[in-house]
Amino acid sequence: MKHYQNEDAGRLFPANGGPAVITQSTTARFEDVFFPVSGTIIADANNSPAGLSTPEEQWFPYDVNNPNRFPGEPPISQIFSWSDAAYLQTRLTPSSTTVRHMIRVGIDNIDTKTQIYYAHYESKQLTIGGTYATATTFSKTDENPGPFRALLGSKNGTGCAFFLIDHKVALGVKDITSIKVWHPLGAVTLDAQFNFGAFRPSMLLTVEDVVPEPEGGPAGV
Numbered sequence: 005m006k007h008y009q010n011e012d013a014g015r016l017f018p019a020n021g022g023p024a025v026i027t028q029s030t031t032a033r034f035e036d037v038f039f040p041v042s043g044t045i046i047a048d049a050n051n052s053p054a055g056l057s058t059p060e061e062q063w064f065p066y067d068v069n070n071p072n073r074f075p076g077e078p079p080i081s082q083i084f085s086w087s088d089a090a091y092l093q094t095r096l097t098p099s100s101t102t103v104r105h106m107i108r109v110g111i112d113n114i115d116t117k118t119q120i121y122y123a124h125y126e127s128k129q130l131t132i133g134g135t136y137a138t139a140t141t142f143s144k145t146d147e148n149p150g151p152f153r154a155l156l157g158s159k160n161g162t163g164c165a166f167f168l169i170d171h172k173v174a175l176g177v178k179d180i181t182s183i184k185v186w187h188p189l190g191a192v193t194l195d196a197q198f199n200f201g202a203f204r205p206s207m208l209l210t211v212e213d214v215v216p217e218p219e220g221g222p223a224g225v
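Each residue of the sequence shown is one higher than the last, beginning at 5 in the numbering used here.
Do not take every clue at face value.
To be verified - Using 25 Å as the maximum straight-line C-alpha spacing, the simulated SDA-like pairs for lysine to any residue come out as follows: (1) Lys128 with Val37; (2) Lys159 with Ala49; (3) Lys172 with Val41; (4) Lys159 with Arg204; (5) Lys184 with Pro218; (6) Lys159 with Ala191; (7) Lys159 with Asp115; (8) Lys117 with Val37; (9) Lys117 with Leu189; (10) Lys117 with Ile180; (11) Lys159 with Arg33; (12) Lys172 with Asp48; (13) Lys144 with Pro218; (14) Lys144 with Leu194; (15) Lys184 with Phe200; (16) Lys117 with Leu194; (17) Lys159 with Thr138.
To be verified - Computed Cβ-Cβ distance ranges for the label pairs, DEER-style: (18) Lys128 with Val41: 32 to 40 Å; (19) Ala49 with Gly157: 16 to 24 Å; (20) Leu92 with Ala202: 28 to 36 Å.
Calculated directly from the structure, the hints in this document are not laboratory data.
Virtual Cβ for every residue (Gly too), placed ideally from N, Cα, C.
Taking the hints into account, I'd like the entire structure generated from these sequences.
Put into structure tokens, the structure is as follows:
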């Protein structure tokens, strides 16, 4: 197992041509756990600098439109996405090209949580299990692949997709074929009392190699 954590803690920068000062940190943090033998990546934390930019946080110096930004100051980091941060972390991990499972733990992204809710509702599965053993499975080969596609298109799903798409030269051509969803804090029912604020689901995305068809089409054709 390999555990990596990259966190922005502020840095020195000359303020307006004067002495160097330490900029405030953005609290951005990417924290991941890798199991090279099984090809598993667990995303424990995904606090992107881009995602932390809010009207209440105008001091973030990477914001080029921030009037309080030091003149000529470059962004704090050019790595704004989990997919790129995780890929660079895997470069430190032996056998990291063998990616088989990607797990997003304790999701707090309202976009993904909403997609998870409606994926279950659409597929008429109104309970989300509290353990991996009782997880709901959505597959690209389902009779109705819409819920699977919705989860893959969520912010947490697309992060995994971009991880594979943007780095296929190193990783090989791979595809996400199924997604499991569960709620580690306990099973929840999609009813009138459902609480989005307390909802912290997890997703496991299964990754498979894309096997190219032989020239001339499938064998025997």
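Verification of the supplied hints:
Restraint check for lysine 128 and valine 37: the C-alpha separation of about 33 Å exceeds 25 Å, so the hint is violated. Restraint check for lysine 159 and alanine 49: satisfied, since their Cα atoms lie roughly 14 Å apart, inside the 25 Å limit. Simply put, lysine 172 and valine 41 have alpha-carbon atoms about 19 Å apart, close enough for the 25 Å limit, and the pair holds. Taking the CA atoms of lysine 159 and arginine 204, the gap is near 15 Å; set against the 25 Å cutoff, the hint holds.
For the hint pairing lysine 184 with proline 218, the CA-to-CA distance comes to about 31 Å; that exceeds 25 Å, so the pair is violated. Restraint check: the Cα-Cα separation between lysine 159 and alanine 191 comes to about 23 Å, which is no more than 25 Å; the hinted pair holds. For the suggested pair lysine 159 and aspartate 115, the alpha carbons sit about 7 Å apart, so the restraint of at most 25 Å is met. About 22 Å separates the Cα atoms of lysine 117 and valine 37, which keeps this hinted pair within 25 Å; it holds.
With a C-alpha separation of about 14 Å, the suggested pair lysine 117 and leucine 189 falls inside the 25 Å cut-off, and the hint holds. At most 25 Å may separate the alpha-carbon atoms for a hinted pair to count; lysine 117 and isoleucine 180 meet this at roughly 19 Å. Between lysine 159 and arginine 33 the CA atoms are separated by roughly 17 Å; this keeps the pair inside 25 Å, and the hint holds. Distance check on the hinted pair: lysine 172 and aspartate 48 sit about 23 Å apart at the alpha-carbon level, within 25 Å; holds.
Restraint check for lysine 144 and proline 218: the C-alpha separation of about 23 Å stays at or below 25 Å, so the hint holds. The straight-line distance between the Cα atoms of lysine 144 and leucine 194 is roughly 23 Å, inside the 25 Å bound, and the hint therefore holds. Simply put, lysine 184 and phenylalanine 200 have alpha-carbon atoms about 19 Å apart, close enough for the 25 Å limit, and the pair holds. The suggested pairing of lysine 117 with leucine 194 holds, with an alpha-carbon distance near 12 Å, which does not exceed 25 Å.
Restraint check for lysine 159 and threonine 138: satisfied, since their Cα atoms lie roughly 24 Å apart, inside the 25 Å limit. Hint check: lysine 128 to valine 41, Cβ distance near 38 Å, so the stated range 32 to 40 Å holds. Against the hinted window of 16 to 24 Å, the Cβ-Cβ separation of alanine 49 and glycine 157 comes to about 22 Å, which satisfies the hint. Range check, leucine 92 to alanine 202: Cβ separation about 33 Å, and the 28 to 36 Å hint holds.
This entry does not satisfy hints 1 and 5, going by the numbered hints stated previously.
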